[in-house]
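Given these sequences and hints, build the entire structure.
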Amino acid sequence: MSLLTCDRVVKRFGGLAALNGITMRIGEGERVGLIGPNGSGKTTLFNCITSFYKTDGGRIIFQGKEITNQPPNKINYVGINRTFQIPRPFATMTVHENIITSKYFGSKGHRVFEPESALDLVGLKSKSSVEARRLNVQERKMLDLARALVTGPKLLLVDEVTAGLADSEADNVANLLLSLNEEYEVTLLVVEHIMRFLKRIATRTYVLDHGEMLFEGSVEDALSDDKVVQAYLGEKEGA
Amino acid sequence: MRLNSLVHALALIAAIVALMSVGQLGIAQPLLLGIIMYAILAEAVNILFGFTGYLPLGLGAFFGVGAYTFAILVTSHNWDVASAAAMALLVSAGTGALIAPLTRLKGPYYGISSLVMQFVISAVVVNLPAEIASNVTDISLVRIYNPNLAYLFALAGFAVALATTYYVKNSKYGLAFRAIKDDEQVASMAGVKTARYRAIVSIIAAVLAGYAGIVYGWFYSFLYPEAVFDIAIPTLAIIVAIFGGLRTVVGPVLGAVVLYTVQVYLSGVLSGTYILLWVPLFAVFLILTVLFLPHGIMAILYKRFPSLKAVLQ
Numbered sequence: 004m005s006l007l008t009c010d011r012v013v014k015r016f017g018g019l020a021a022l023n024g025i026t027m028r029i030g031e032g033e034r035v036g037l038i039g040p041n042g043s044g045k046t047t048l049f050n051c052i053t054s055f056y057k058t059d060g061g062r063i064i065f066q067g068k069e070i071t072n073q074p075p076n077k078i079n080y081v082g083i084n085r086t087f088q089i090p091r092p093f094a095t096m097t098v099h100e101n102i103i104t105s106k107y108f109g110s111k112g113h114r115v116f117e118p119e120s121a122l123d124l125v126g127l128k129s130k131s132s133v134e135a136r137r138l139n140v141q142e143r144k145m146l147d148l149a150r151a152l153v154t155g156p157k158l159l160l161v162d163e164v165t166a167g168l169a170d171s172e173a174d175n176v177a178n179l180l181l182s183l184n185e186e187y188e189v190t191l192l193v194v195e196h197i198m199r200f201l202k203r204i205a206t207r208t209y210v211l212d213h214g215e216m217l218f219e220g221s222v223e224d225a226l227s228d229d230k231v232v233q234a235y236l237g238e239k240e241g242a
Numbered sequence: 123m124r125l126n127s128l129v130h131a132l133a134l135i136a137a138i139v140a141l142m143s144v145g146q147l148g149i150a151q152p153l154l155l156g157i158i159m160y161a162i163l164a165e166a167v168n169i170l171f172g173f174t175g176y177l178p179l180g181l182g183a184f185f186g187v188g189a190y191t192f193a194i195l196v197t198s199h200n201w202d203v204a205s206a207a208a209m210a211l212l213v214s215a216g217t218g219a220l221i222a223p224l225t226r227l228k229g230p231y232y233g234i235s236s237l238v239m240q241f242v243i244s245a246v247v248v249n250l251p252a253e254i255a256s257n258v259t260d261i262s263l264v265r266i267y268n269p270n271l272a273y274l275f276a277l278a279g280f281a282v283a284l285a286t287t288y289y290v291k292n293s294k295y296g297l298a299f300r301a302i303k304d305d306e307q308v309a310s311m312a313g314v315k316t317a318r319y320r321a322i323v324s325i326i327a328a329v330l331a332g333y334a335g336i337v338y339g340w341f342y343s344f345l346y347p348e349a350v351f352d353i354a355i356p357t358l359a360i361i362v363a364i365f366g367g368l369r370t371v372v373g374p375v376l377g378a379v380v381l382y383t384v385q386v387y388l389s390g391v392l393s394g395t396y397i398l399l400w401v402p403l404f405a406v407f408l409i410l411t412v413l414f415l416p417h418g419i420m421a422i423l424y425k426r427f428p429s430l431k432a433v434l435q
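Protein sequence lines correspond, in order, to chains R and S.
Numbers given in our numbering equal positions in the first sequence, counted from 1, plus 3.
Numbers given in our numbering equal positions in the second sequence, counted from 1, plus 122.
Mixed in with the good hints there might be a few duds.
With a straight-line Cα cutoff of 20 Å, these simulated PhoX-like cross-link-like pairs (lysine-lysine) come out [claimed, not checked]: (1) R:K111 - S:K315; (2) R:K77 - S:K294; (3) R:K111 - S:K294; (4) S:K315 - R:K57.
Hints in this document: simulated from the structure, not taken from any laboratory.
Structure representation (structure tokens):
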């Protein structure tokens with residue numbers, strides 16, 4: 004059965020439809036990619052699922068219950084959490100305080116990580132007492148991830164976690180995400196630009212372009228699909 | 123460990139309060155009362171601004187609600203001091219809850235709108251119908267005048283204010299407030315019921331500021347709106363809190379000791395036509411503080427005497 008269903012989700016900014024009726028279905032335990040050119044609506048979809056944006060149409064259903072436009076804390080309680088393309092730690096709080104805030108207030112559901120083991124997992128244990136604003140971008144991304152993990156999410160939305168990473172670092176992150184999925188049964192929806200990374204992580208992928216769902220299928224097929232290639236090359240699509 | 127830190131906190135608060143209780147003894151009483159009143163207000167600023175990020179330019183709204191509810195109940199309705207004070211605190215809390223939706227606004231927008239709220243509330247107070255309050259523009263509380271008892275009441279509020287800040291600093295409330303300050307959306311994503319905690323912080327600040335208002339009413343026993351709703355009061359409270367050190371328990375107290383004393387001295391020196399010169403002088407002082415001392419005197423003390431940090435938490 005499907006864990007998350009987006010049913011014709013619409014998000015408009017003024018006259019522009021950033022999401023124009025997006026439908027997607029993610030099963031329990033899956034690892035799904037979400038790709039598309041810049042501005043195609045990937046992060047907007049994440050923001051709609053977690054209610055950072057109010058959707059203008061359609062429904063979002065998690066485990067059979069509608070969660071459309073519920074406040075983010077309720078999204079957290081049902082078992083969804085996320086990371087951010089541009090990391091958003093609580094900047095004036097220490098790494099440890101960031102984590103325990105999420106631990107105190109967040110969901111106590113499914114496979115909860117203890118603060119210490121979450122920090123260990125993402126490699127931030129030695130930075131526990133450092134203020135988050137003193138971390139570098141990669142460390143901030145890992146802090147976002149650890150903060151999500153202590154709530155024991157069933158579904159984790161990962162937004163460009165590898166951007167700016169060296170290959171070896173990206174490999175470590177890929178291994179981490181794979182182990183979360185395989186050992187801890189965390190379902191993953193991953194926005195990613197690096198195809199090599201995506202191929203390792205995702206068993207299938209969605210492709211967005213100009214707020215429309217362009218393609219759904221395996222990563223290999225996506226990369227050889229004419230429409231997808233055109234969208235990435237930035238050519239105007241014929242009608 | 124937990125019990126230890128509780129005992130420690132209580133001992134610290136008791137020591138500070140005991141130190142201030144010398145004000146019972148005579149000529150220093152008005153000065154010390156002013157310090158205590160501003161320390162209570164500055165702790166309200168500390169919690170609302172220092173921890174949660176809302177600059178309460180209109181903190182005087184709560185101060186005025188506390189002072190006037192107390193005074194009106196005592197004069198127009200013949201309530202005794204204890205019941206009037208209790209009701210004034212309740213009304214302050216209610217005002218805090220009523221104004222809580224303003225905390226949807228951030229940064230300068232909250233500051234300005236809270237200031238507007240203060241003007242609105244002062245207009246409401248001045249225009250209260252005669253059945254509720256007679257002669258609001260010039261209330262005398264001479265019937266209950268008792269500076270020594272008022273001073274004790276102030277001391278009790280001072281202890282409560284310190285304990286509240288200590289608790290906020292060391293509990294999940296502090297985490298929730300700071301998370302909201304840093305990034306409210308992400309705080310919600312982390313599970314914080316942000317609307318609830320924004321309401322809580324508004325009510326805490328309202329009750330503390332309302333308490334300070336009751337202290338003012340009882341001790342001076344003479345109220346008129348231009349004095350009670352003077353924006354110099356919240357302004358000085360904000361400067362005191364920043365100068366002392368936000369997000370510390372003791373900082374606002376030190377700030378009040380230094381700055382209220384200076385203000386009283388300046389008002390004396392600048393008497394007559396120039397008495398209000400202390401306001402621009404303090405404005406310049408605030409700018410210098412923010413530029414050169416953004417973490418207040420507590421930061422300097424901690425740097426100079428690292429062992430203090432363990433004692434003062």
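Hint check:
no. : hint            : result
1   : R:K111 - S:K315 : holds (15 Å)
2   : R:K77 - S:K294  : holds (19 Å)
3   : R:K111 - S:K294 : holds (16 Å)
4   : S:K315 - R:K57  : holds (18 Å)
The structure agrees with every numbered hint stated previously.
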